[in-house]
Amino acid sequence: RKEVEQDPGPFNVPEGATVAFNCTYSNSASQSFFWYRQDCRKEPKLLMSVYSSGNEDGRFTAQLNRASQYISLLIRDSKLSDSATYLCVVNPDTGNQFYFGTGTSLTVIP
Amino acid sequence: DAGVTQSPTHLIKTRGQQVTLRCSPKSGHDTVSWYQQALGQGPQFIFQYYEEEERQRGNFPDRFSGHQFPNYSSELNVNALLLGDSALYLCASSLGGKHQPQHFGDGTRLSIL
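For the protein sequence lines, the chains are A and B, in the order given. Counting in our numbering, the first sequence runs from 1 upward without gaps. Counting in our numbering, the second sequence runs from 1001 upward without gaps.
A couple of the hints might just be wrong.
Claimed, not checked - Covered stretches of chain B (chain A as the covering partner; in silico rule of three or more C-beta atoms under 8 Å from a C-beta of chain A):
1. 1033-1043
2. 1063-1069
To be verified - Simulated pairs of lysine-lysine, DSSO-like, Cα-Cα distance not exceeding 30 Å:
3. Lys42/A <-> Lys79/A
4. Lys45/A <-> Lys1013/B
5. Lys79/A <-> Lys1013/B
6. Lys42/A <-> Lys1013/B
7. Lys45/A <-> Lys1026/B
8. Lys2/A <-> Lys42/A
9. Lys1026/B <-> Lys1013/B
10. Lys2/A <-> Lys45/A
11. Lys45/A <-> Lys79/A
What the hints contain is simulated information worked out from the structure, not anything from laboratory work. Since this is a predicted model, take the numbers as computed values, not measurements. Backbone N, C-alpha and C define an ideal beta-carbon position, used for all residues, glycine too.
Working from the sequences, and respecting the hints, build out all of it.
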């Protein structure tokens, strides 16, 4: 079983829509969680860390559900510039490596 | 404040050759991790260096080796290149302990002919 699983999409949504991505992880001892954004042929960029209590940054909200072992990312009022691949990242407590999902592709349509 | 820098940007090699990729971490960061990203996949962890030692290694063969220098910069070496080594190689830096977010360089795109 993969450490991190994401629905690859693609998600095609109109401008202004709300879209949500989920990601499941297999290691219940995982302690750190992140969402990264990756534009085509570019490097991943940190979008936000995910905290146990959930956290919000502008139009972006991240949630963690430890009982069900998943994290989510909600994007409200989608902009054209939100079009990218969103990578879910998990850092187990037992090691230093980051486990990445395969990414979810989002295209925001005018 | 310089971010993570990698060189070269692109590289073309043939099977059996050897390659060295270089990375300078973000200012203030002391930990460097290397990842391989194949097309359509998420980055896969190769190894991490801290205090000039390999701290953890992913599921990659011994053909992949690395080094960290006293100034925290790092190199990734790959010997006996295979066609399957064609990928984007990403360097990420972070500060010290576990659970810190990692910041990525632009990557080196390696093509094996």
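Against the structure, the hints come out as follows:
Coverage of the region 1033-1043 of chain B by chain A holds [criterion: at least 3 residues with CB-CB distance below 8 Å; count 6]. Here the region 1063-1069 of chain B counts 0 residues with a CB under 8 Å from a CB of chain A, which misses the bar of 3, and the coverage is violated. Between Lys42/A and Lys79/A the alpha-carbon distance is near 19 Å, which keeps this suggested pair within the 30 Å criterion. The hinted pair formed by Lys45/A and Lys1013/B meets the criterion: a straight-line CA distance of about 28 Å does not exceed 30 Å.
With a C-alpha separation of about 40 Å, the suggested pairing of Lys79/A with Lys1013/B is violated against the 30 Å cut-off. Between Lys42/A and Lys1013/B the alpha-carbon distance is near 21 Å, which keeps this suggested pair within the 30 Å criterion. Between Lys45/A and Lys1026/B the alpha-carbon distance is near 13 Å, which keeps this suggested pair within the 30 Å criterion. Restraint check for Lys2/A and Lys42/A: satisfied, since their Cα atoms lie roughly 24 Å apart, inside the 30 Å limit.
A hinted pair counts as satisfied when its Cα atoms are at most 30 Å apart, and Lys1026/B with Lys1013/B qualifies at roughly 28 Å. At roughly 22 Å between alpha-carbon atoms, Lys2/A and Lys45/A fall within 30 Å of each other, so this suggested pair holds. Under the criterion of a C-alpha separation no larger than 30 Å, the hint pairing Lys45/A with Lys79/A is consistent with the structure, at around 18 Å.
Hint check: violations occur at hints 2, 5; the rest are consistent with the structure.
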